[in-house]
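Novice: Read top to bottom, the protein sequences are chains A and B.
Residue 201 in our numbering sits at position 201 of the first sequence, with consecutive numbering throughout.
One gets our numbering by counting positions in the second sequence from 1 and adding 208 to each.
No lab work stands behind these hints: they were computed from the structure.
Just so it is clear, CB atoms sit at the ideal spot from N, CA and C, and this is done for glycine as well.
Cross-link-like lysine-lysine pairs, in silico, BS3-like; alpha carbons within 25 Å at most:
1. B/Lys342 to B/Lys376
2. B/Lys337 to B/Lys299
3. B/Lys272 to A/Lys170
4. B/Lys272 to A/Lys195
5. B/Lys298 to B/Lys337
6. B/Lys376 to B/Lys219
7. B/Lys222 to B/Lys376
8. B/Lys256 to B/Lys219
9. A/Lys170 to B/Lys222
Per label pair, the in silico range of CB-to-CB distance:
10. A/Glu196 to B/Glu334: 30 to 40 Å
11. B/Lys219 to A/Thr32: 45 to 55 Å
12. A/Val145 to B/Lys215: 46 to 56 Å
13. B/Asn351 to A/Glu17: 37 to 47 Å
14. B/Ile293 to A/Thr108: 46 to 56 Å
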Amino acid sequence: MENLNASLEDLNPFHLEVLREVGNIGVGNAVTSLAQMLSKKVNMDVPEAGILELQDVITLIGGEEDVIVCVEQLIEGDTPAILLFILNEESAMCLTDLLLGRERGSTTSIGEMEESLLKEVGNILSGSILNALSEMTGLVFVPSVPAFAHDMMGAVLSSALIEGGYYSDKVLVVETRFFESATEIKGYFFILPQKEVVEKILSALGVG
Amino acid sequence: MCVEESKLGVKEYKVGIAQWKTTQAPNKLITLGLGSCVGVALYDPLNKIGGLCHIMLPDSTQFKKNENLGKFADTAIPIVYEEMIRMGAKKKSIVAKIAGGAQMFSSADSRIIGNIGKRNVDKTLEVLKQMGIKLVAKDVGGNRGRTMIFDTCDGSVYLRILGKEMKKL
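Using the sequences provided together with the hints, build the complete structure.
Specialist: Set out below in structure tokens:
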């Protein structure tokens, strides 16, 4: 943790480009899984990769008081990272309707059942991202069971970062937006790798 | 720091994570979306001087020296207090209201849901006690995020919590 800032700031635009491409392949795999789950076409934007202040990570995709649903998975061991699957409230309810084959608008709140379902979706999608990352790099990623939060974005993201041990002022984030046009489900994947993971990924790809 | 000014000249200062701000009546201090973080509002009702910090960790002594002091309960609270004294607040009349320290995530695996919120609250209470600052209201713990709106006209702290009525501390 001591040298996190220094090391992250050593990353040059080419490194970030590589990380963006890694994110692209990983999230691409997850978006394919999601499309299969929903039997619908799901699009994604080109990922953004950057080294941001904590405050800027929290407001990267909206305001602190925007209500979101977030599934968090910690990657522990030799490759510490956090994966976040984030949906706005409306998208989370819409996704629940689609997955349960219910009429659009049937889900009106996020209860226990919706929570388990969304956690499971998050789990599957994280698995897709991590499989792609493993294939690319030969590294092993072991995710925790998913954790769940449904509240104001500022409260949720700050807690995820702090509990995940991201205490430093700067955080590397690879952010990707995905969306399903027909039902307007939209959400985000955040990949937040710790410094040592970034080094391992870059060196596995021969650009360390 | 983001500032909004109303037509009546009331300024609203937005205090971000690990930041602090002091001001005086009729201005307001706001911090949005506290999760495991704790918002500490200090107020001198005689001089109508207030300060707010948004701390994210309990203890600065576990970290290297050049960290942002606004992050920690043990450093941010004294900074706000001293700044208020310099603005003319009287030590004896300064009181505190705190909010936050929630546990936002739920999981079947208790290892990944730390008790950082509780540690933040415990340390905040300890620091206030050590400094001799009286705690007059708190809304802490639980699993809901909180937005804190601190009115330095009368020291009221309003809490916005998802799915609930605005709560006054």
